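Those protein sequence lines, which keep their order, are chains C and P.
Using the numbering used here, the first residue of the first sequence is number 1, and each one after it goes up by one.
Using the numbering used here, the first residue of the second sequence is number 1, and each one after it goes up by one.
Rather than coming from a laboratory, the hints here were simulated on the basis of the structure.
If you're wondering where the values come from, they're calculated on a predicted model, not measured in any experiment.
Among the hints, a few may not be true.
[As the list claims (entries may be wrong)] Straight-line Cα separation of at most 20 Å, DMTMM-like style, residue types lysine to aspartate or glutamate; simulated pairs: (1) Lys-370(C) with Glu-138(P); (2) Lys-34(C) with Glu-121(P); (3) Lys-34(C) with Glu-118(P); (4) Lys-46(C) with Glu-95(P); (5) Lys-372(C) with Glu-105(P); (6) Lys-46(C) with Asp-92(P); (7) Lys-61(C) with Glu-82(P); (8) Lys-122(P) with Glu-13(C); (9) Lys-142(P) with Glu-13(C); (10) Lys-122(P) with Glu-35(C); (11) Lys-34(C) with Glu-95(P); (12) Lys-142(P) with Glu-85(P); (13) Lys-96(C) with Asp-111(C); (14) Lys-112(C) with Asp-76(P).
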Amino acid sequence: MKVTHSGLGFAPELAFVNFPVTLFVAESDLTPLKERIEEFTYGLTKWEPEVTETAILTPPKVTVEGKDYEEAVANMNRLFLRNQWSDGVPLLPATKERVDWILTGTDLPRDKEIARVGPRGGIATVESIAVPLAMTGGRPEYLPVLIAIVEGLGDPEFKTASWQTTSRGTFLVAIVNGPIGKQIRLSKTFGCLGPDSQRPAGVRIGRAVRLILQDMGGATPGSGTMSCYGPNRTTNVVISEDEENLPAGWEPLNTEYGYARGTNSVLLNVSCLAVNMWRRGNYIGETLEEEQDESFDVVAWYMRIPPKSYPVEGGGRGKGSPVGIYLINSLVAEQMASVGWTKESIRQTLWERTHTPLAEYLTYGREVRKLKYDNPGIDLATLPDPMPMYEKPENLLIAIAGGRHPSQNFWLGEGRAVCPTAEIQLPAIWDQLIAEAEEDLGPIPIDP
Amino acid sequence: MAKEKEAPKELSRREFVKGAAVGAAAVAGAGALASCAAPTPEVIKETVEVPVEVTKIVEVPGPPGEAGPVTLEVPDPSGAFEVTELHAPRLDTLEGKTICMLGNESWQQQRTSPYIQELLEKMYPTATFIPYTEFPTEINDKKIGGIVKDAGCDAVIIGNAG
Numbered sequence: 001m002k003v004t005h006s007g008l009g010f011a012p013e014l015a016f017v018n019f020p021v022t023l024f025v026a027e028s029d030l031t032p033l034k035e036r037i038e039e040f041t042y043g044l045t046k047w048e049p050e051v052t053e054t055a056i057l058t059p060p061k062v063t064v065e066g067k068d069y070e071e072a073v074a075n076m077n078r079l080f081l082r083n084q085w086s087d088g089v090p091l092l093p094a095t096k097e098r099v100d101w102i103l104t105g106t107d108l109p110r111d112k113e114i115a116r117v118g119p120r121g122g123i124a125t126v127e128s129i130a131v132p133l134a135m136t137g138g139r140p141e142y143l144p145v146l147i148a149i150v151e152g153l154g155d156p157e158f159k160t161a162s163w164q165t166t167s168r169g170t171f172l173v174a175i176v177n178g179p180i181g182k183q184i185r186l187s188k189t190f191g192c193l194g195p196d197s198q199r200p201a202g203v204r205i206g207r208a209v210r211l212i213l214q215d216m217g218g219a220t221p222g223s224g225t226m227s228c229y230g231p232n233r234t235t236n237v238v239i240s241e242d243e244e245n246l247p248a249g250w251e252p253l254n255t256e257y258g259y260a261r262g263t264n265s266v267l268l269n270v271s272c273l274a275v276n277m278w279r280r281g282n283y284i285g286e287t288l289e290e291e292q293d294e295s296f297d298v299v300a301w302y303m304r305i306p307p308k309s310y311p312v313e314g315g316g317r318g319k320g321s322p323v324g325i326y327l328i329n330s331l332v333a334e335q336m337a338s339v340g341w342t343k344e345s346i347r348q349t350l351w352e353r354t355h356t357p358l359a360e361y362l363t364y365g366r367e368v369r370k371l372k373y374d375n376p377g378i379d380l381a382t383l384p385d386p387m388p389m390y391e392k393p394e395n396l397l398i399a400i401a402g403g404r405h406p407s408q409n410f411w412l413g414e415g416r417a418v419c420p421t422a423e424i425q426l427p428a429i430w431d432q433l434i435a436e437a438e439e440d441l442g443p444i445p446i447d448p
Numbered sequence: 001m002a003k004e005k006e007a008p009k010e011l012s013r014r015e016f017v018k019g020a021a022v023g024a025a026a027v028a029g030a031g032a033l034a035s036c037a038a039p040t041p042e043v044i045k046e047t048v049e050v051p052v053e054v055t056k057i058v059e060v061p062g063p064p065g066e067a068g069p070v071t072l073e074v075p076d077p078s079g080a081f082e083v084t085e086l087h088a089p090r091l092d093t094l095e096g097k098t099i100c101m102l103g104n105e106s107w108q109q110q111r112t113s114p115y116i117q118e119l120l121e122k123m124y125p126t127a128t129f130i131p132y133t134e135f136p137t138e139i140n141d142k143k144i145g146g147i148v149k150d151a152g153c154d155a156v157i158i159g160n161a162g
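Could you put together the complete structure from these sequences and hints?
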C-alpha cells in the first residue's frame with residue numbers, strides 16, 4: 001500500500017490500517033474492523049508524516065567491505081538480500097567502472113529520465129537503468145534494448161503499476177525486431193524462452209528488467225506485488241523475432257505497428273500464461289494442408305482457456321484487449337505459408353475457432369455475473385451464439401520465434417490491452433561495440 | 001571495463017601434455033644421435049598423446065585479486081524518487097466534520113466500507129458521512145482529489161487495497 005501510494009507522488013509513508021487478507025474474502029468475519037476502529041480515528045487525527053516537503057530523494061551509494069574482493073562481493077549480496085534489492089540470484093557489484101562500461105552503449109546523457117516505474121514511481125534514468133544491467137552481467141550493447149523496454153514501462157496506458165501489483169501471474173514480454181536482435185545474440189530459435197550460453201542477452205536484459213520493476217517499481221513479493229505465483233519473473237521474456245526466416249510475404253511484427261522493416265524496435269506486452277502447444281498432426285495419412293488446418297483446432301483449444309468476459313459495448317474485461325502472443329517457429333510458418341496461410345487468415349481462423357457455444361458460456365458463473373454487473377438489464381438471450389472469446393481477430397499478436405521443428409507452438413496468453421512500442425536508439429560507436437562483443441564472446445552463433 | 005584477453009603464457013593441462021610430448025621427442029632425438037656412436041638401437045615404448053584440441057585461456061573480468069581489505073561502493077538500485085504531494089494536516093477531531101468513504105469496489109468493499117461508516121457514525125454522531133457509492137471508483141486517478149474537495153470532504157477513508 002505504501003508503494004502504491006508512492007506512485008501518486010507521496011513519500012512512502014501512509015496512515016493505514018492493515019488487516020489480514022481473510023477480512024477481504026466473501027462472507028468474512030468483520031469483527032476485526034470493530035476491534036480496531038480507533039486506528040481509523042488515529043489515522044485521521046493523530047498520525048503525522050515524516051516527510052513534510054516536496055523534494056527529489058536520491059539515496060546515497062552503498063559501501064560494502066570485506067577482507068578481500070570475494071568476501072566484499074559476498075557481503076554485498078547479503079546486504080542486497082536483506083534490503084530486498086536482489087532477485088535471490090547472486091549479483092555482480094555495479095562498480096563505477098562496470099557501470100561506466102555499460103553506459104558506452106548509449107549516447108544519451110546519463111541523467112536523462114526515461115520513465116517513472118510504477119507502482120512506486122522510482123525514477124529510471126539512463127544511469128540507474130545501467131546499474132541493474134551491470135549487476136546481471138550485461139554488456140554495453142544490451143543497453144539500447146533495455147532503455148527502450150523501460151521507455152515502454154513508463155507508458156501511462158500500459159499501466160505498469162496495475163499489472164505489477166495485481167494478484168495475477170503477470171510477467172513482461174518484450175519482442176525485439178530489427179538487426180539488433182542478431183547483433184547482440186538475442187534468442188529466437190531453440191530454447192528461446194530459456195537459458196542459452198551462446199545467446200545470453202535475453203536472460204540478462206530480462207533479469208535487469210526484473211530488478212528495475214522490483215527496486216524502482218517497488219514490486220517486492222507480498223507487498224509491492226501481490227502476484228500469488230509470480231511466474232517467469234526471474235528473466236521475463238526478452239526475445240527477438242526470427243526475421244531472417246520469415247516466409248515470403250510475411251512481414252515482421254513491428255511493421256504492424258508502423259515501423260519500416262529493418263527498424264530496431266521493441267514491443268511490450270504482459271502475459272499470465274506460458275503454455276507449450278503440441279500442435280503437430282499425428283501423421284496417419286493427413287496431407288500437409290490438413291495438418292496445418294487441424295493444428296489450429298488444437299491451438300484454439302488452448303486459447304479458449306480461461307474464458308474472457310464477453311466484449312460488449314460499455315464493459316467486459318476482454319474489450320479491445322490483445323489476448324496474447326502466439327509464437328510460431330519459422331519452420332511451421334513456412335509450412336503454413338506453403339499451403340496458403342497468412343497472418344491475417346490465421347488470426348481470423350483462430351478468432352472463429354475460439355468461439356464458445358452460448359449454452360456453455362452461460363455456465364461460466366463468474367463471467368455471467370461480471371457481464372450482468374457491467375451491463376445492467378442485459379438480456380442474455382440476445383447474446384450471439386457461439387460467443388467470441390475476444391473482441392476481434394486483431395487482438396491476437398503473432399510473432400515468429402522458436403526452434404525450427406514442426407511439432408510445437410507457444411502461447412503467451414492473457415495479454416494487456418496496450419502494447420507499447422519503442423524504437424531502439426544505437427550509439428555512434430555501435431559497430432565498435434559489436435566488434436568487441438565478437439572478440440569477447442566469439443563469432444555470432446549460427447542458429448540451427 | 002576489463003576486457004577478455006588471451007593469457008599469453010599460461011598453459012592448460014592439455015597444452016602441458018603437448019609440451020611434455022615435445023620433451024619426449026627431444027630425448028628420442030638425443031638417443032638417435034647417440035646411436036651414431038653406439039650402434040645399439042633404442043626402442044621408445046612410451047605412447048605419446050598428440051593433442052588435437054587447443055584450449056583457449058581467457059581472462060574474464062572479475063576479482064582484482066589484491067590482498068587486504070576491499071571496499072566496494074555501489075549504487076542503491078532503487079534509484080531516486082520524487083515527492084510531489086504532501087499529506088494534508090490532520091484534523092483535531094471528527095466531530096462536526098464531513099468524512100468521505102472512497103473505494104474501488106474490490107475486496108468486499110460493499111460490506112467493509114458501510115460497516116466502518118456505521119461504527120464511526122456511532123462514535124461521532126455530529127459527523128457527516130458520504131458513502132463510497134457517491135464517488136468514482138478510479139481511486140488512483142489524480143482527479144479524485146478535486147472531486148472530494150468539491151464534495152466538501154474534510155477527511156477521506158480509502159479502501160480496499162488488495
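Here's how the hints hold up against the structure:
1. In summary, the hint linking Lys-370(C) to Glu-138(P) is supported, as the alpha carbons are separated by about 18 Å, within the 20 Å threshold.
2. Distance check on the hinted pair: Lys-34(C) and Glu-121(P) sit about 12 Å apart at the alpha-carbon level, within 20 Å; holds.
3. With a C-alpha separation of about 10 Å, the suggested pair Lys-34(C) and Glu-118(P) falls inside the 20 Å cut-off, and the hint holds.
4. For the proposed pair Lys-46(C) and Glu-95(P), the alpha carbon gap of about 14 Å is at most 20 Å, so the pair holds.
5. Proximity of Lys-372(C) to Glu-105(P) is assessed by CA-CA distance (about 16 Å); at most 20 Å being required, the pair is judged to hold.
6. Under the criterion of a C-alpha separation no larger than 20 Å, the hint pairing Lys-46(C) with Asp-92(P) is consistent with the structure, at around 8 Å.
7. In summary, the hint linking Lys-61(C) to Glu-82(P) is supported, as the alpha carbons are separated by about 17 Å, within the 20 Å threshold.
8. Restraint check: the Cα-Cα separation between Lys-122(P) and Glu-13(C) comes to about 29 Å, which exceeds 20 Å; the hinted pair is violated.
9. A C-alpha spacing of about 18 Å is found between Lys-142(P) and Glu-13(C), which places the hinted pair at or below 20 Å, so the restraint holds.
10. Proximity of Lys-122(P) to Glu-35(C) is assessed by CA-CA distance (about 14 Å); at most 20 Å being required, the pair is judged to hold.
11. At roughly 19 Å between alpha-carbon atoms, Lys-34(C) and Glu-95(P) fall within 20 Å of each other, so this suggested pair holds.
12. With a C-alpha separation of about 11 Å, the suggested pair Lys-142(P) and Glu-85(P) falls inside the 20 Å cut-off, and the hint holds.
13. Of the supplied pair hints, the one linking Lys-96(C) and Asp-111(C) holds, its CA atoms being roughly 15 Å apart against a limit of 20 Å.
14. Restraint check for Lys-112(C) and Asp-76(P): satisfied, since their Cα atoms lie roughly 18 Å apart, inside the 20 Å limit.
Going down the numbered hints, you'll see the structure goes against just number 8.
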